[in-house]
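Enquirer: Each chain, written out:
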Amino acid sequence: MIHGLSVAFLLTSALTVAGALAAALLKNLVHCALSLTVTFAGLALLYLQLDAQFAGLSQILVYIGAVAILVVFAILLTRGAGIPEYRGFSSSWLAGLAIAAAVFALLAWAVTKSLPAAAASAAAPAVTVQSIGVALMSSYVLPLEIVAVVLTVALIGAVIVAMPEARVAKSETEQGGAK
Amino acid sequence: MSQQASFWNNLDQIFVLLQHWIAGYFPLWLQPAVETILAVVGIVVTFPGIFALTTVLERKGLGRMQNRLGPNRVGPLGILQPVADGIKSLTKEDIVPLSADAVVHFLAPVVLVVAIFLGYAVLPVGRNMVLMNMDAGLLFFFAIGASTELSIFMAGWSSRNKYSLLGAMRAVAQMISYEVPLLLSSVVAVMITGSLSTVRIVEAQSGFTGWFPHWYVFTPWGFAGFVLFVIAALAETNRSPFDLPEGESELVAGYFTEYSGFKFALFFLGEYLGMFSIAGFAITLFLGGWGAPFSFLGFVPSWTWFFLKLLAATAFFIWLRGTLPRLRQDQLMNFAWKFMLPMTLLNLLVAGAWRFLGDGWPRWAICSVVLLLAYVLLGRVLMRHQNLGARSYRYAE
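Going line by line, the protein sequences match chains H and C. Numbers 1 to 179, taken from this note's numbering, label the letters of the first sequence in order. Numbers 1 to 397, taken from this note's numbering, label the letters of the second sequence in order.
Careful: at least some of the hints might be erroneous.
What the hints assert, rightly or not - If you want the footprint, here are the derived chain C segments under chain H, 3+ residues with CB under 8 Å:
#1 132–139
#2 146–159
#3 193–202
Simulated from the structure, these hints should not be mistaken for lab results. For glycine and all other residues, C-beta sits at the position ideal for the given N, C-alpha and C.
Chain C on its own, in the form it takes in the complex (with noise of 0.2 Å):
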């Protein structure tokens, strides 16, 4: 039996125990360092990985909802199909235009993917799994997701084109006003746990009361911030149905359209990176980061769950693009400042409640019903006269 656990432990802490004996080879004052290197390597290829098969899945699902094949050339089922479009980007010409700035058109891509890759540092992908566990990690995140709106701008501005620089500036004002909803909704996880560490943010959630888990999405406070975060992050992330700072119908393709090549298969390894690691933060704060679904699952190694999880919701990402359609630039604006802010400080406030109610039934029905209201009010009522709604044209009537 004790054998049985110990195989188990093993195969959840594999990739550690694999980290400390490839390091056990080197001189001892090399070893830390050498720690790292191996951690930061396995983030480099692990979730440039998840890139290369979320594309051919995203290509295939989104064929699926539209009625046709997707890609099915490439390899059997079309599973190839990302090996040949890094060969085709690293083999076709790397087209710079003349008047464009050389230094920022060729800094930013690069700026974005570093900063990107960043984030990772404070991800914990299993128990013992994160590259640095800092004090301040979440803080670290935002910081570092704050950054990559230079980057764009310096995509769009030093394109030196119309459709460049209008994406890069609907692209940032974008960011900026969905950072705020972003930041505050994931206070609440903060608030309950009383630490900003992602590490101790996933052991808070890390009990379990008989079958089920304490994640925070099961509570009103947390459920509300899950769902306010997860519409943050898909605008940060320039998702679907926010993808305005890309509408291929108005903008060509936004701030990358001068981008061309490996430079431009940057700019998308960097979206897609950004939405795993945004996603993963989504898991690490309301999802339970690593832990099981069900007590009686939790000897199924830690690391799986992180990944099962963020697959998962890659697939829902894909199914939002595949179904709704692009928001308008004036309904994106007004949803952020006269819903999403609105929600998000009332929900501190319900999550400080809860915090000093005391155990019970009260303080689950008390959050629950103001959340409730405060929703209804602000979809029904308030937001009556926001033109929110469709838009009828004089000359289509």
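Bound conformation, chain H alone (with noise of 0.2 Å):
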């Protein structure tokens, strides 16, 4: 036991970190995907232990049921998943440790900064999943409602961008025909 963390908590960080790590490295693009998808379960598991319910099942049905599908989707569409593709350390490896540098120690500085206040409040509110949807219903509904008209155009947008173009195609074809 290192600082007090439960062997569980200990198990399902190694396991998210590994998947990151794994996601990062593999040579294959849809094994990456696959160890994304192991990070995206620790991190449920993780918001499982601390008892947050409704975050952590949010997780696997939002990030392993939908984020996941739709990058292995993009994948096969997009090129051929078949062949492994190895390109080694891309070249602008090193913009992309600073960033990550930079991302990490700007959470780093907001968790530490966190940290006393948390202990402060010593018992933490049991959330129930009705808490969480009264929250949503009474101070949170304008924030709920504009996020369900955008989720709205975006569907909107994805059916008329798939939709067949019937009538232009028809009137090329009789153009063609015309020539």
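If you follow the hints, you should be able to join the two separate chains into one complex; please do so.
Expert: What follows is the structure in structure tokens.
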């Protein structure tokens, strides 16, 4: 036990980090996507260990059930996923490293800054799914509605993009026939 | 009299008492772990047992529907057929294609079966008989169900086979499309109960009016929700008439074409266990879970009712498989997005109206009329140009 961390926490964090490393280092893109899924699952387990059932289960539902599938579909539909592609380290890895270090520093700063405040409120309030629902429907109803509108617009946009352009195609063939 | 009552009560709780009795032999600090392990063993033994029973019943039932005998050689009336099948799949050579992605190819069936078994953790199979009474039980089930899609993709992709990949793509597209109506149709039960806990949902349906139970299926929104849920559940488990991902006349066996031996059996097991768990949730959400169908039958152990309902649901699925032809891909998608989704959304509104219209017959009339009208309009008017009917082939005229 390192500084009172539980075995379960160490195991899940090891799984999460291993998944993330594999996602960054493996050669085959689909393998990377699947490793990323392991990371998502590890994060969900961490949420569940923190008694945040809704966040953890939503993480599984959204990230494993939808985002991972989307990533995999995108890989399959855009390039031959069968051929492993190895480019080694990209030429811009130095810039990537700098950005990663900056993001990590910011997050670490935020976490260390918030630590004393969290320790002060000793007993964490028990958050049930019902209280999340009540909060969403009362104090956060405006953001919820805005998100709903944005998602609906995205959905309609996707349908319009995917719609067969029947009229245009017909007029083009007519023109072709006239020539 | 009280002795008789306590006998029925003990019979109702026999598995719970057995669990406590066995756990009593262990030291106190080990007891919670032992009780959990015993419950897990119960789940892992019971449902594959039902799977073995179902395979032979399905083959015999389909045989009867197609005017043939079905398996009748192994044991009396062919009842030992699952044993023979099990031995066969265990002893068969496990062939992995040379070009296949060996690790992913191996992991896919394992991930599938593990994910589906996890779903049983929140399924109440009797009074006090649920492994985890989670606050967000239903959400857990849907989250786990969503992750089975990935294992199907893994199987199809890692096989390096065109049929496998096509089957996997079909399966994933179908499961994503039908997951939306599946989730939305179950939300009505959550709205009326006011809880995501499966145990609470069953308890909310446990009352009786006269002889008749307060199951959600006996309300307009509950009936519509139940029908929509069952249709989406059929699609989600790739059962006929939604068995396009493994259409044997088109894709050999779809995403598990390149699997043999015990891995093939695992896919088969996963498919049937998925069917049982989703049927179990249909029972939990709309058919009163382990509740008795009439008030005077309340003395019969609760788990009997759950498993009887599960067997009836399985028989219904087999019957459908023997009756309906397979859908076309465009029909499948049109049906999901243009019929199922509007109906489930409307059903949400109807359930809300039901909640706030108060008791009495007006809410029955209003809700039923709205749902019937929507069904007729969607079915007759809006779907007219959706090519859902028979297709005429130019070369066949």
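Enquirer: Sort out which numbered hints this structure fails and list those numbers smallest first.
Expert: none
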